[in-house]
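With chain Z fixed as given, assemble chain V onto it according to the hints.
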Amino acid sequence: DTGVSQDPRHKITKRGQNVTFRCDPISEHNRLYWYRQTLGQGPEFLTYFQNEAQLEKSRLLSDRFSAERPKGSFSTLEIQRTEQGDSAMYLCASSPPMGPNTGELFFGEGSRLTVL
Amino acid sequence: KQEVTQIPAALSVPEGENLVLNCSFTDSAIYNLQWFRQDPGKGLTSLLLIQSSQREQTSGRLNASLDKSSGRSTLYIAASQPGDSATYLCAVNVIKAAGNKLTFGGGTRVLVKP
Numbered sequence: 001d002t003g004v005s006q007d008p009r010h011k012i013t014k015r016g017q018n019v020t021f022r023c024d025p026i027s028e029h030n031r032l033y034w035y036r037q038t039l040g041q042g043p044e045f046l047t048y049f050q051n052e053a054q055l056e057k058s059r060l061l062s063d064r065f066s067a068e069r070p071k072g073s074f075s076t077l078e079i080q081r082t083e084q085g086d087s088a089m090y091l092c093a094s095s096p097p098m099g100p101n102t103g104e105l106f107f108g109e110g111s112r113l114t115v116l
Numbered sequence: 001k002q003e004v005t006q007i008p009a010a011l012s013v014p015e016g017e018n019l020v021l022n023c024s025f026t027d028s029a030i031y032n033l034q035w036f037r038q039d040p041g042k043g044l045t046s047l048l049l050i051q052s053s054q055r056e057q058t059s060g061r062l063n064a065s066l067d068k069s070s071g072r073s074t075l076y077i078a079a080s081q082p083g084d085s086a087t088y089l090c091a092v093n094v095i096k097a098a099g100n101k102l103t104f105g106g107g108t109r110v111l112v113k114p
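Keeping their order, the protein sequence lines are chains Z and V.
Here the first sequence is numbered in this note's numbering, starting from 1 and rising by one per residue.
Here the second sequence is numbered in this note's numbering, starting from 1 and rising by one per residue.
Bound conformation, chain Z alone (with noise of 0.2 Å):
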């Protein structure tokens, strides 16, 4: 068990270029979630995905943003035409399917994002 894994873990990038990160969560959790942190403040929610269906997306999540689990494996945040508001740790972490431990979350390092 590997653990929760992102690529990249960092990226510079000029305003208006498209951007893409990419989740591989723990093996066989069915939840995977993303969360966006700034600096100095505590992970905000953005989007949920139980195993390929997207089941809630935050209010946060602008149309410049769209997430993806295609196989219910991995999955992809593509932000479009990026703003300087976007720069950020972007965090996604995975969970197990029901069981004792249900509701425990798991970490990746996360991918920050500077956008100049």
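What the hints contain is simulated information worked out from the structure, not anything from laboratory work.
Warning: the hint list may mix true and false statements.
[To be verified] Partner residues aside, some chain V positions facing chain Z, computed with beta carbon under 7 Å:
hint, residue
1, P8
2, L11
3, K42
4, G43
5, L89
6, N93
7, K101
8, F104
9, G106
[Said to hold, decoys possible] Straight-line distance between alpha carbons at most 25 Å, and here's what the computed DSS-like set of lysine-lysine pairs gives:
hint, chain 1, residue 1, chain 2, residue 2
10, V, K113, V, K42
11, V, K1, Z, K57
12, Z, K11, V, K42
13, V, K1, V, K42
14, Z, K71, Z, K57
15, V, K68, Z, K14
16, Z, K14, Z, K71
[As the list claims (entries may be wrong)] Coverage of chain V stretches by chain Z, computed from C-beta distances (three or more under 8 Å per stretch; other residues unrestricted):
hint, region
17, 32-41
18, 44-55
Think of the CB as a built atom: it goes at the ideal place given N, C-alpha and C, for glycine as much as any other residue.
Same frame as chain Z, but now just chain V:
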């Protein structure tokens, strides 16, 4: 809307002293509460998960209590060490059916001085 508050925002203690970190939440109808550790520039490491039916959880030097009726949780770290320096975050899960969406506090930044 659930709001989670962690006070103080920062804490500095000498090595060996016990740490007491507080977390409060406004809606007591929670499914569980999770404490995390975050090192600078890193992701979150899960420390303890307390289900709503539990009063406390322990792991090594860490002990977390939960009082749903008063909307409070406390994380105790015994005999602190410089390696405990990090930001500690608490998060509550209020939606069982919709898949464990967490609401986080702002964190407490801890510095343990040698």
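Evaluation of the provided hints:
1. Hint on P8 of chain V is violated. Least Cβ distance to chain Z is approximately 14 Å, over the 7 Å limit.
2. Hint status for L11 of chain V relative to chain Z: violated, with the closest Cβ pair at about 15 Å, above 7 Å.
3. Using the Cβ-Cβ criterion of 7 Å, the hint placing K42 of chain V at the interface with chain Z is satisfied: the shortest such distance is roughly 6 Å.
4. The closest approach between the C-beta of G43 of chain V and any C-beta of chain Z is roughly 4 Å, which is under the 7 Å cut-off, so the hint is satisfied.
5. The restraint placing L89 of chain V at the interface with chain Z holds, with a minimum CB-CB distance near 6 Å, inside the 7 Å limit.
6. Interface restraint check for N93 of chain V: the shortest CB-CB distance to chain Z comes to about 5 Å, inside 7 Å, so the restraint holds.
7. Taken as an interface hint, K101 of chain V checks out: its beta carbon lies about 5 Å from the nearest beta carbon of chain Z, inside 7 Å.
8. A hinted interface residue such as F104 of chain V counts as satisfied when its beta carbon comes closer than 7 Å to some beta carbon of chain Z; here the least separation is about 3 Å, so the hint holds.
9. Because the smallest distance between the Cβ of G106 of chain V and any Cβ of chain Z comes to about 5 Å, under 7 Å, the interface hint for this residue holds.
10. Restraint check: the Cα-Cα separation between K113 of chain V and K42 of chain V comes to about 21 Å, which is no more than 25 Å; the hinted pair holds.
11. Simply put, K1 of chain V and K57 of chain Z have alpha-carbon atoms about 16 Å apart, close enough for the 25 Å limit, and the pair holds.
12. Restraint check: the Cα-Cα separation between K11 of chain Z and K42 of chain V comes to about 15 Å, which is no more than 25 Å; the hinted pair holds.
13. Distance hint between K1 of chain V and K42 of chain V is unfulfilled; the C-alpha atoms sit about 28 Å from each other, more than 25 Å.
14. Distance hint between K71 of chain Z and K57 of chain Z is fulfilled; the C-alpha atoms sit about 19 Å from each other, no more than 25 Å.
15. A C-alpha spacing of about 46 Å is found between K68 of chain V and K14 of chain Z, which places the hinted pair above 25 Å, so the restraint is violated.
16. Proposed proximity of K14 of chain Z and K71 of chain Z is contradicted: the alpha carbons are some 31 Å apart, above 25 Å.
17. Interface restraint, the region 32-41 of chain V with chain Z: holds (4 residues with C-beta to C-beta distance below 8 Å; minimum three).
18. Figure legend: the region 44-55 of chain V, annotated as covered by chain Z; annotation consistent (5 residues with Cβ-Cβ distances under 8 Å, at least 3 required).
When the structure is compared with the earlier hints, violations turn up for hints 1, 2, 13, 15 and 16 and for no others.
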